[in-house]
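Produce the entire structure from the sequences given, and follow the hints as far as they go.
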Amino acid sequence: MISRSSKDKIIRFIFFGIATFSILIISFIFLFLFSRAYPAIEEFGTGLLSNDWSVARREFGLFPALYGSVFVAVGALFVSVPLGLGAAIYLSEIASNRVRMILKPMIELLAGIPSIVYGFIGAILLGRFLYDTYNMRGVNSFFAAMLVLGVMALPIIISLSDDAMKSVPKDMKDASLALGATKWQTIRNVTIPGAISGISSAVIMGMGRAIGETMAVMLIIGSVMRMPVPFFDIFDTGHTLTALIAVQMGESHGIIINVLFTAGVMLFTIVAIMSIISDILQTRTKQKYEGKR
Amino acid sequence: MLAKIREFIKDETKCERIDLPENTKMRVQDFDLWYDDTQALKSVDMDVEEYKVTAIIGPSGCGKSTLIRSLNRMNDTIPSVRTEGKVWLDGYNVYDEVTDCVDIRRKVGMVFQKPNPFPFSIEDNVFYGCEVNGMDMDKEKKVKKCLKDAALWEEVNDRLDENALSLSGGQQQRLCIARALATEPEVILMDEPCSALDPIATAKIEDLIDELKNHYTVVIVTHNMQQAARVSDYTAYMYLGELIEFGDTTQIFENPQENSTEKYITGRFG
Amino acid sequence: MSLRKVLALWIFIISISVAIYGFWNIYSISEVEYWTMVASLFLISSACYASGIHHHIISKGQKGLPMLVYGTLLLSVAAFSMYLPTPIDLRPWDIYVRIPNRFFFSLFMLLSGLFGAYLSFRPYYDYKKEGAQVGAYYIFHLTLLFTLLPLFLVIFNIITRGIGGITWEFLTKDIVRMGEEGGVFPAILGTLAMVSLTAVIVLPLGVGTAIYLSEYAKKGLAVRVIRTAVNILQGTPSIVHGLFGYAFFVLFLFDGRKCLLAGSLTLAILTLPIVTRSAEEALNAVPSELRDASLALGATKWETIKNVVLPPSLPGILTGTVLGLGRAAGETAPIMFTAVYFSGAGTPSSLFRPIQALPYHLLSLYRLIGYRDVEQQAWATALLLLLIVLGINFTAIIVREKYRQRF
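If you're matching them up, the sequences are chains A, B and C in order. Sequential numbering from 1186 applies to the first sequence in the working numbering. Sequential numbering from -16 applies to the second sequence in the working numbering. Sequential numbering from 107 applies to the third sequence in the working numbering.
Keep in mind that a hint or two might mislead.
Quick list of the computed label-pair ranges, beta carbon to beta carbon [unchecked claim]:
no.: 1; chain 1: A; residue 1: 1351; chain 2: B; residue 2: 142; range: 28 to 34 Å
no.: 2; chain 1: A; residue 1: 1469; chain 2: C; residue 2: 278; range: 50 to 56 Å
no.: 3; chain 1: A; residue 1: 1458; chain 2: B; residue 2: 67; range: 56 to 62 Å
Hints were generated in silico from the structure; no laboratory data involved. Beta carbons: idealized from backbone N, C-alpha and C, even for Gly.
Right, dumping it as structure tokens:
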């Protein structure tokens, strides 16, 4: 018979084992992606970062897709940051409890819509609508993808910046109000500056979500492996890392698979770095008011 | 007494007026307050004398903080609060429909329980009130004057651009007082200003309150009876949301009329 | 009413009408409408001038300045836009770019109308601080409106277009001719089977991690690393999960066979951080006094967790898990290389056989649009998927709101 306290120690150890699973998975992801990517890296080296993609000539430059991923994510931010911040400020500072109780779940529902549904709607309705109305070159474009991704990044930006603004102590807001500031002056001078690192973390996470989004982008972006011409033309078509993997994986074999895994490694690294940065920023907001006293 | 036009009244013609006795700065009249269904204040009546210190004492949860927050309508920021009754300031009703509940707060300043300076520089902290109220003045002079009035100038004059959170607790609280002075209030409300401070810092704040009453009317909430006896001219004793007794401080502490008051101040309570 | 208030009201009314006009006609403006808009821009800018100058003369303040600047900007744009041909072709660096200028013109009308209305609040409130507040609130209401608009558009379109395809046959029949005929029954079953299996896998892992993080070790290097790992996992793109599932489960463990189990394992990794986070939140919501009370009575840590901490946090943990599963049910990218086949996979019969799932079926149907007559089926599948996912989320949210006020 084991004593109660040693049993407790065993249980603690079991839980520790379970908790290390996340670390294990992360290292496995990196390990397995990298080991599959390695043959391509070995064979092409920096050629993987070049501009030319041609299966026939065995040239696999991933730069257009990398550029497309960043381009489309930055464009999406132009939609989602103004809207998301406005909505977050409204939710956390202005809305009454009752309104908040209704709106919060609605924004969660927005987050729950599957990305394939967004992609389907984006391609069938939005793309055709833009094509019909503006004589665009085709149904697909960066522009449509930016709109859809902007909407898709909204919920995460709203909920994270809402959290950040909620973590500014009520003391501070009270102090400002007690000095005769209006609510809006308090928001502008106290709440937003206090939550700024949390808000930037929200924006980074939103961008990470936009970069990592696959199905919606795949159906709208056009899947053409070249740079938009000129490079800032949002009405052109292109490719992203995620769409490249999703489109090519099913119909390729041999070294192309390894190239696609390289794209996966790039994607994973970019987004992991963004997660870490946003994580640091988030903790900073929380510590700002707690640590000093 | 024909008062000057008050800024916090939006429409002078529509507001209710009474004449307060001379030397009475504020009057709380038949004031009730509810948090949802719980009544926190029950028909409170109280007068606040001009250029005097009025202390509000009572066991915790008796509504003293709620009462002081009602004087500048800070309770408006809590959605579940509902009030009835009147609070007069110079004969104007603070709770009148035409009263601007934002502007009232610069005439009735407030210092909170926990020092709560903004995470800005010291001078920005002091000047914040002037800035949001659009008061056009020389920042340097204003900051210097307020810090001097709050007896903090000597300690911080060489580091005005440092973050206010780097000050000690007592200094932070005096900074909050300086910040409240900057909007040129007539009444200063202090909600247990020393409860988070050590005895030395507390003594400094108490000295400061003594200074302040030459130019301002001060209302202070405290759970420390010795402090009330030391700094105040008038004392109100509250219990369970009711104002039990109000009067001269010496009278309250030496010769209380009510049984409950006596029990509380002699420490035989509960 | 002072002259300034009249002017402010004038700016507000015209601006709002311009905004509505711009929004309404965002995809087609006729020549007449075009000129009406240009004329209204002139009207707003002149009103802005009047109000700004009025303030300058009366109080010699700087606060009227935004109105003057806005008026000038508007005026110059109005003047410039009259010379725009429709549509315009720009040729920077001899590269052909076509800009749908009417769209931009309408967009500009919309934004400038809204901004003009915002600015009109300041003179209306005599340039006092409350004017800025009213203006700011107006902007926030607008952003909220534009945030919720896509939600309504998506749901409205899917319901109206998809409802016609939902029949008893559609729900219960096998997929025939790649979905052109028959129903989606195997896909529904596949999705449900995969998600239930995911729940079984992820629940112990996620809750165990959360218990370790919130009950056993609050600080320290190990906790920091675990937390970072969970965060990275949460941000990891779903396609990367798919690649990993393919490399690890399909190729390494299951010998190159896509199957139900591989899909569920991949989805479990995807949902692990969501479950961990919400479980941790639920556990942290249990007041520490309860733990202390139990420990003071001589219970061990594990007994305390089992009897005191877990029962009240169970609803929170479950709703978090269900929210995560809602996400898993709608995901396509993680399963397309690990569990689903383009066609032929029938009703799920074994853990080690490939399946069909709703999101992937929607993708297959989309790819057939234009070649076969499947658009109605695609909309119906989208509606079904949306109903399942939002239904799951909605239930979780309702349950959570019900149990929220407990401590």
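Tested hints:
1. For the pair residue 1351 (chain A) and residue 142 (chain B), the beta carbons lie near 32 Å from each other, so the given range of 28 to 34 Å is met.
2. Range check, residue 1469 (chain A) to residue 278 (chain C): about 55 Å between beta-carbon atoms, so the 50 to 56 Å window is met.
3. Under the hint 56 to 62 Å, the C-beta atoms of residue 1458 (chain A) and residue 67 (chain B), about 58 Å apart, fit the expected range.
Consistency with the previously given hints is maintained throughout, with no hint failing.
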